[in-house]
Amino acid sequence: MPIIQIQLFGSLTVEQKETLIKETSDAAAHALNVPLSTIRVLIQELPAENWGISGESAQKKLSQTKGK
Numbered sequence: 001m002p003i004i005q006i007q008l009f010g011s012l013t014v015e016q017k018e019t020l021i022k023e024t025s026d027a028a029a030h031a032l033n034v035p036l037s038t039i040r041v042l043i044q045e046l047p048a049e050n051w052g053i054s055g056e057s058a059q060k061k062l063s064q065t066k067g068k
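Residue numbers for the sequence shown follow this note's numbering, so the first one is 1 and each next one is one higher.
Among the hints, erroneous ones may be present.
[Said to hold, decoys possible] With a cut-off of at most 16 Å between alpha-carbon atoms, the simulated EDC-like pairs for lysine to aspartate or glutamate come out as follows:
{"#": "1", "residue 1": "Lys61", "residue 2": "Glu49"}
{"#": "2", "residue 1": "Lys17", "residue 2": "Glu45"}
{"#": "3", "residue 1": "Lys60", "residue 2": "Glu49"}
Keep in mind that the hints were calculated from the coordinates and are not lab data.
Please construct the entire structure, taking both the sequences and the accompanying hints into account.
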């Protein structure tokens, strides 16, 4: 049973999560040649301050990018 974990910062709408789960599941079932019913997708949304990019929090990096 394939288990796909997706970690991201920020938050998705319910509709975006539904689309992500559906399209990820379809792609995995096709690529692995397994029944769709065996695919599991876990989405974990984390605050940007809990991620580090190049020695700084993702929150800081994102705010710097928005300022440019």
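Here's how the hints hold up against the structure:
For the suggested pair Lys61 and Glu49, the alpha carbons sit about 10 Å apart, so the restraint of at most 16 Å is met. Taking the CA atoms of Lys17 and Glu45, the gap is near 11 Å; set against the 16 Å cutoff, the hint holds. About 8 Å separates the Cα atoms of Lys60 and Glu49, which keeps this hinted pair within 16 Å; it holds.
In the structure shown, no violation is registered for any of the earlier numbered hints.
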